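Trainee: One letter stands for each residue in the lines below.
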Amino acid sequence: MSCREYIQRVKEVALRECAILKSTPIYWFCMVVFPMLTMIFFTSLMHEGQPQDMPVGIVDLDNTSTSRKLTRNLDAFQTSRVVARYTSVSEARTAIQRNEIYAFLYIPKGTTDKMLASRQPKISFYYSLTSLTSGALLFRDLKTISTLGGAAVGQATMTARGYTPEQIRTFLQPITIDLHQISNPWTNYNIYLSTMLVPGVIMLFIMLITVYSIGTELKFGRSRRWIQTAGSNIAVALAGKMLPQTLIFLSITYGYMYYVFGILDFPHPGGTSNILLLGLLSVLAPQGFGLFIFGLMPSLRLSMSTCSLWAVLSFSMAGSAFPIMAMDAPLQSLSWLFPMHHYFMIYQITIFNAFPLADAWLHAVALIAFAMLPVTVLEKLKNAMINYVYIP
Amino acid sequence: MEGIRDACHVWAQELKGTFRDEGVLIFFIIVPIAYPLLYSWIYNNEVVHEVPVAVVDDSHSAMSRMFVRRCDASPDVSIKYHAADMDEAKAMLSRQEVKGIYYIPSDFSTNLNRMQQTAVSVYCDMSLMLTYKAVYQTAMAVSQDMNSAIQIQTLGNTTDREDEIATRPLDYEEVPMFNPTGGYGNFILPGVLMLILQQTLVLGIGLSAGTARETNRFRELIPISRHYRGVFRIVLGKSMCYIMIYSVMAAYLTLLVPRIFGFVTMAQGPELIAIMLPYLCACIFFGMTVSCLIRHRENVMLLVVFFSVPLLFMSGVSWPQSNIPGIWQGVSWIFPSTFGVRAFVRVNSMGATLGDVLPEYRILWIQTVVYFITACIVYRYQIQLSRHKVICRLQHIRHKREVRKQQRKFIQDSN
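As given, the protein sequences belong to chains D and Z, one line each in that order. Just so you know, we're using our numbering here: the first sequence kicks off at 810 and counts up by one. Just so you know, we're using our numbering here: the second sequence kicks off at 17 and counts up by one.
Honestly, the hints are just simulated from the structure, not real lab data. Note that the coordinates shown come from a computational prediction; the quantities given were computed from them, not determined experimentally. The beta-carbon is built from N, C-alpha and C at its ideal position, and this holds for glycine as well. Careful, some of the hints might be misleading.
Calculated lysine to aspartate or glutamate pairs in the EDC-like style (CA-CA distance at most 20 Å, straight line) [to be verified]:
1) K952/D with E189/Z
2) K106/Z with E900/D
3) K952/D with D161/Z
Simulated restraints, written as ranges between beta carbons of each label pair [claimed, not checked]:
4) Q817/D with I276/Z: 57 to 65 Å
5) G1080/D with L374/Z: 20 to 28 Å
6) Q861/D with G19/Z: 27 to 35 Å
Partial selection, computed: residues in chain Z whose CB lies under 10 Å from chain D [stated by the list, open to error]:
7) L53
8) I204
9) L319
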């Protein structure tokens, strides 16, 4: 075949694929509707950035102006809202079990008296860690309030003795911590989670749709026609078939990236070129992975099951929530088999932190390798398409 | 009586189908057995220890070295490198060798000795919340410890008790509840386990319905057999098969898996049974309803798999339930997993009683009833559809026979 003929064949197969995509509604749903729904779901779910006004309870047995001030200060925090007062600790615990509050502050009787008499009273705060997000945030508030409660006493004494505010500050906190949260100074969970979960779902769909579109050729007995249209050249057949899908997925991925980085303005100091590169890799790698899996086991049901199980596991193995370095050693090595892990690494190194691409090159190579994987199973795929018969 | 016999026939047929179809077998048996083990393994280490951090110590003083030593001694942080300047430390951050930087300015010790406030700069890589927390909280804790020591020095009190009171006039105790390790596994796993039950059930039921359509003569869900006449006997027969398999799976997931890996299990027998029964029933009838709406078996996978992660978020495990926007709260009511996860987390991890999860418990039963009715409606429609096909086919055959008779008569007459 000459070069022009190749292009002609690819075009024919691509046009045929376009007709299939157009006539089957499931493609429309899985390639456009669901990815967009997922994108809107996650970004709108966490639009607050950090959960705000989470319900907190108070067990105030002291009931003095000092203890009430503590309560008021806690209520004034952005993340906490005092919604209820309880008469005992066990009552407050039951409230946590009923999901009415996530944490509570316990001020025992005589706290103020003891404080005035310098007898070191003790208050306690209880927080539920069944949800790490709310637990960690409320812990921060409650700890601050408790520390400040103590500091207020010291401050009052020192002011009375005639120290300057500067001196008091230095005495109470000689060493301070100057925190720099690189790229996400708001500790915004939307920036942290949506940038991984949405591409994860898009990559999941790319894998599944790739396998599905090849497998249904066999299932509906169109595979021989398809190979014929491509002039019995499997590479041409695949190129033509993947081309329209790649274009659609690319536009969805770039659309998502435009939405989060352009419209919602999530931090992306790495710049547009890195975003474009990552978008391209994140479409080609799962496509390659899907084709490879189908080449290994040319049965629609088995390869789809494998891909979906793999993709669901990816959300954990990407290492964006629970870090890879904290997992057992075998899992650390296995994480290299998940395209999403490499996506995460490239994203956070080059786009989120704006470090040079050279520091993520191994991950970029890995994604390219995933995209190239189908080369190893071309013959097997062709054989399957011509000789296999679909068994329900 | 006949109805029960028919239901039992459907039950047996469905059970045979389950073990004959490898797709269904994967999702009914293999995934519920293997996935919980896999997830438990992934999250088994629970917490992040020894997060690598680089130090840029421009102070080079006894105080700054003490700060670094104490950070290194903490369980969560390990001082991996001493960088000469910030650029070098930044390069290490870029190469993923460290997850944070402690920068101690040159006037650190001088300021302290002059009784002036001084600051340690902490730079955190924010791509991982858990490492950020470890890096920041360790620096915080060490600085507070050192602050107390400095205060005691300045005050020059005579007794230890005086020192204690001066540095901490109001003592406090922090009590993390229901997750003693503060670990990731204890937090995410109960939700994941419940979700695995629902997703594999819906996938398995959908796949087996798909297979039934493909092996059927008229590409319909309901086979033509005298056992498949009534809606109730079909729905009940099939659900008996599913609940039989999933009682075992649910017991394995809720009782065995957490114990193997030492995750929190505070659930009492009666409570567990009380919430698992309506949860399984709701999932089964939900799955049966969904399975009728999908024609091709592979489409089930396309539709169900991607829901897993959004469903986990809607249940309020990762993102607190009180902060889920109203519209998504509404959507979450469709799925049994939302309430199954909530009830299970509270009963299993918090030791709640049935009275504490009463709202979830009630909704699960309401879902069971509602999805039972919808399952009956869609199955009734399917029965009518296949009956219609049969009648059409019969008429077609009769019509052909009639035509042939007439032809024969015509030939005889013309002869």
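Trainee: Hint by hint, note whether the structure agrees.
Mentor: Hint check:
no. : hint                            : in the structure
1   : K952/D with E189/Z              : 9 Å, holds
2   : K106/Z with E900/D              : 50 Å, violated
3   : K952/D with D161/Z              : 15 Å, holds
4   : Q817/D with I276/Z: 57 to 65 Å  : 60 Å, holds
5   : G1080/D with L374/Z: 20 to 28 Å : 54 Å, violated
6   : Q861/D with G19/Z: 27 to 35 Å   : 56 Å, violated
7   : L53                             : 12 Å, violated
8   : I204                            : 8 Å, holds
9   : L319                            : 8 Å, holds
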